[in-house]
Amino acid sequence: MSELTVAQRAAGAEIAIDRAPYFPRRKKMITGRSIAVLVFLSICALFFAVPLYVVVVTSFKTMAQIREGAIFAPPSMWTLEAWDYAWNQACSGINCNGLKVGFWNSVAILFPSLVLSIALSMVTGYALALWNVRWAGPFLFLLFICAFVPFQIIMFPLISMTSTLKVYGSIWGVALVHSVLSMPVLTLIFRNYYKDVPQEILSAAIMDSGSFWRIFFEIIVPMSGNILIVILILQITSVWNDYLIGVTFGGFNAQPMTVNLANLITISTGTVAYNQNMAAALLTAIPPLVIYFLVGKLFVQGITAGAIKG
Amino acid sequence: MALRWSRLSPQLALTPALAVTAVAFVGAIGWTIYLSFTRSRRLPEYTIDWSEWGRQYSRLFRDDAWMISLRNLITLGLGSALAIVFGFVLAAMIDKEKRGESLFRTVFLYPLAVSLIVTGAAWRWMFNPDMGIENFLHQIGLTGLNFSWLAHADTAMYGIILASVWQSSGFYMALMLAGLKSINSEIWSAAKLDGVPLWRLYIEIVIPMMKFTFITCAILLSLGVIKAYDVIVAMTNGGPGQSTYVPAYFTIQALSSSGNLGYASAAAVMMLVITAVVFLPLVLLTAWQQRRRAEAVK
Amino acid sequence: MSRKLLTGLAAGLMLGTASTGAMATDLVIYHSWSAPPEVAALNVLRAGLEEKGHSWTDIAIPHDTGSNVNLMSLVTGGQPPNVFMESNPGVYRDLAGMGLGLPLTQWFEENNVVENLPTSVAAAISVDGEIVKVPTALHIDGMVYYNMEVAEAAGVDPTAWTSFEDMFADFETIRAAGYDPVAVGSQPFQVGYLMHALTAAVAGPDVYSAIYGSEVDPAALDDPAFRQTLETLRLFANEAGPAAQNRPWNETTNEVISGRALMQVHGDWMKGEWLAADKVPGTDFGCMQIPGGKAVVVTVDAWGLLGGVPEDVQQAELDFASVVVDPEVQGAFAAEKGSTPVRLDAPADSLDACSQEVLEILGDPAHQVQNPHNTADADWQDSIWDVVFNFWSDPNMTVDDAIAQMKENYDTILG
Amino acid sequence: MPRVSFEHITKTYGHLTVLDDLNLAIEDGDFLVLLGPSGCGKTTLLNLLAGLLDVTDGRIVIGDRDVTDLDPKDRGLAMVFQSYALYPTKTVRGNLKFGLVSSKLPADEIERRVAWAAKLLQIEPLLDRKPAQLSGGQRQRVAIGRALVKNVGVFLFDEPLSNLDAKLRTEMRMEIKRLHDELNHTVVYVTHDQIEAMTMATKIAVMNAGVIQQFGTPDEIYERPANLFVAGFIGSPAMNLRKAKLSLANGRTEAIFGSGIRLDVSDYDFSARPEDGAEIIAGLRPEHFGTPDGSVEGAAGVFNVPVQYAERTGPDASAYFRFEDELLALRIDPAIASALAPGQAVSVGFLRGKANLFDARTGQRM
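Residue numbers (our numbering), protein chains in the order written: chain F, 1 to 310; chain W, 311 to 608; chain L, 609 to 1023; chain C, 1024 to 1389.
Take these hints with a grain of salt, some might be off.
What the hints assert, rightly or not - Subject to a maximum C-alpha distance of 25 angstroms in a straight line, what follows is the list of computed DSS-like cross-link-like pairs (lysine-lysine):
id, chain 1, residue 1, chain 2, residue 2
1, C, 1113, F, 195
2, F, 195, C, 1153
3, F, 195, W, 408
4, F, 297, W, 491
No lab work stands behind these hints: they were computed from the structure.
Here chain F stands alone, though its shape is the one from the complex (with noise of 0.2 angstroms):
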């Protein structure tokens, strides 16, 4: 709806320019509020864009310009001293192989992670909205309560169990406890997505057919675009930002990418080296950012097409 509307506009404005030489009309003008308006979007946006601001000219700099104390200062000698040393030879511990060893930690968490559990939400998310199961009220109020429950209530158990079934301190182990603490969370959104498929669509398909997983894959499945896409960027950020659950199941073969930034960060080599912290956090920020440039228009479409809400 909203699309044709841009279109529309689109094209009227088109027309518009077309004929201002010879229909010279009233331009739209710029109202005094619309200017105050902007004015104070452009404040906030500043205020957003500061930190990051700060963070990329840090990282380039000289530790020597960064002792002059000019914080918004550009670098005078632009140095991408840091950058290397943050990706090929930060310390963490006695290993000196720079970030990437974590990079590719958080990589190899991050797939696993999303599959299982997207999987397991969507398919849930499916079955609790569109069929008809006895117990799936009570299920989905146990749920809610689940998406609620803190980490830490159920951080000590869940070692012992990632123990028991051999994964702990494995990427898998850690992919495993991902999907697991965000399927409640999940598994409700992707549910309130799926409520909004009509009914008689679903009727439909039992008629046509009755298989829940050919519907699933054939129908379902192709209508999930815009919460694919918001629960991506979510869960992306989410697995690929986390701390605490990285340094707590990754054991010693799997500590994700932010961990070996807190090492980075707290390890310091006499003064601290800002650059090569600022460095270090842009690298760990970057997957997540490039993704947020890239796709975040679809990301606000996609909650506005009703992917979370009450």
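Please build the complex by placing chains W, L and C on the supplied structure of chain F, with the hints as guidance.
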């Protein structure tokens, strides 16, 4: 009634989730509750001395750090609520003033992509009195200004609030933007015809219409606040003193530094109780609301 | 360079025969060290271990990243490391209870290690009468390290101080010269260490043992000397500016190295930072014990070995232990880390002016007490840290408040 | 052959009983319309037949198979939904094929059927479009096509025309009627629109409050409504229903209204012997009146009533008169309608033999 596959397959499909819930949540919570009655230290101990089963809890309520944690939880909750207000204001402005919509949206949203560990590093550096903003302000002559909030017990929480508002406002803005877009566009025209000033329209019509969006935001925010941990580690590590302790941090601290599993479990259980106290009304309200909506449809 | 080569050679020769038949084993080594001198010291051990044909898998979780839970998580999670840096006797008791303890008394005797250890070290590595730890470094928790250049510029002579009164009396002079008298870091760990070092120095070994020992006597909390300790701590806290908040110890050390502050009172691992900055003990910086101190707190960093493992793994763990306690390795290790060797027979050329000072102090058994991590209940010890850090951070908190809180904690935790 | 019968069907939701011991049977090739106001249970009945809901008690038989416990797809049915329920992510072709692929038909047979249905419904050019690119009428055709390709004996329609505009609705009505005439399937069609029912059905079941009020051909339903509900529900403007008393004096049977006006119903085909003085309700269809102020010769009764207002709907017109504090509706010639002035009193006769009489106590036809 005959057994039908169409009836069975959804139930089978729900089994994994049910098993996960039963084991990882219900079972684990039960386990933790049990541990909170024991005197477990570094390792679990399964004997309960019934004459003093509540000792961990009574200690908790005499522990100043726990009281600080609770107080900070409220402070953080109230402070972070600014993120919702801020998010709404931003969303309303972006929605009305279409110019630069995508640019502003991206800028407001990006902090969400950044982990709190990174956020903490950035903000701590900006709060650093020698090299951060304070130094900058002093250099340009504003020597009276004090920006080293994290260094003082009475202002450290504000630093944390600032960082978390910075981080989460964009998310609430996105939710609000979605809520605003779902409002019938005729309302704006109607208000224009009636000559209703914009601010009254927002307060009397738009905000009440968006109450579910607000409730959703409030739920998500409270969740974030109760679970707040990373931001504390990244910004202050609980200091100065114990002035920025929050329950989640307290719990981990009790487990790791004090090596007291029983005590940590009791704190965790109290976190659950807090969660229940905060959310049960909300959960019931939502359930009731959904039922009413469902009935309205019939 | 040659020293390292020699170390490796010696280690290789000494145990080469023993290990030729042994299988190469990968040891998982857990520690919390992260500062560059600490890492350099670990690399000395790694070189020694690799000489013996084993490999080193490192798992490091630095202090104060909120995850000290890790060792016990690893154990609970069924992935216990083979070697772990741990002082807390409770952990050893837990491990023994789980069948994962490895008693070392016999091994120590067979290898003639015990007779070469200072008494305080020998005491620190036993739990319930059984040796279970492998000592790796010896430190004194409260030493005064000062920048000699700054001392000269400010016109003060730290060696002339015989008491805290003398020391604080000079602060005005130092400040007038444009230097901070003392650099502190407002971090629970630094304040906690400063507190127990001050307790030993100001209140003496008896009060110290009554509070930080394995048997706690709450009456000691009311001892006037303990009150005086807290008052002294307050004087240090007054020196903490906003910049000190959350400042790691080694950054704090750098305040002194770079000449912004005169001195730092902290564990003598500070020396590693000085050496890393190419400063020479006795020339660029001076080290001394707390003026007028009644006792010093000795920290023995030690490794625990995992028991209940296959024969070949256990042999590898013992190989690791033999590397750690090897006199040559000890010398090299201490030189990198800035510690004092745990063996009295470590090569003399590895001892700098500060280490000699430390060994001299350790000559008097009555003048030393143990780091509370070796003896005290972790919960109780942690509660003291909480109280003193709150006391440190809140100028309005009185000594009475602090003592009252400690008593209450005692009743809750140990009462 | 697919004869469809409902036997003792009961459906309850918790304490709420929607259908209670309902029985209904139609023959092969019948076009059954379930007609009733919303909430009457007609859609529930349809969903029970489709298998989308489970019966609480009773039996559903299609042909000679008891389908009560079968899955929807195994019942040999096809259904067209109110909102068309097209799969939004599939093309028209994909929509048509979806139900066939799972029935494991050979590929060329599937293609053949899709082509046949597309030709029949004239949607061949649309086959590769997505539903979002279709107009309402086109979607409707696709929805019907999706049912047709399944080649089953029974078709179910759930208010399929209610989302179309008036013109399209008429067109599609004809279309569905034509398809039924051509293919001669059994159809069960749910609607609340009596025009659809009257034009398409071979059998109508009028439902209210979960009960079938009358089951019969359209003519039977219109001419001889079984009770007050059916009488009032069918017809537009609705039948005028007025209280009256029966009088059996003078060898004549007359209905006497409150105002004294008499209506001769001597030729009425009473199902039971009427009693003198019985309370009745007389049903007078608007089209069974004579011309206002025209000849009243041979009329069963004459009403002298003031005009309230008249309205024209193009070819037709209705006039409303004030009669005993209520409105009396008449269908009249549009030309006359314009001549009627409000307040003007006219006399109008009611045709002999056209009245419907109902027992005032039971509401049943007498």
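To see whether the hints hold, each was checked on the structure:
no., hint, result
1, C:1113 / F:195, "holds (20 angstroms)"
2, F:195 / C:1153, "holds (22 angstroms)"
3, F:195 / W:408, "violated (31 angstroms)"
4, F:297 / W:491, "holds (14 angstroms)"
When held up to the earlier numbered hints, the structure conflicts with hint 3 and nothing else.
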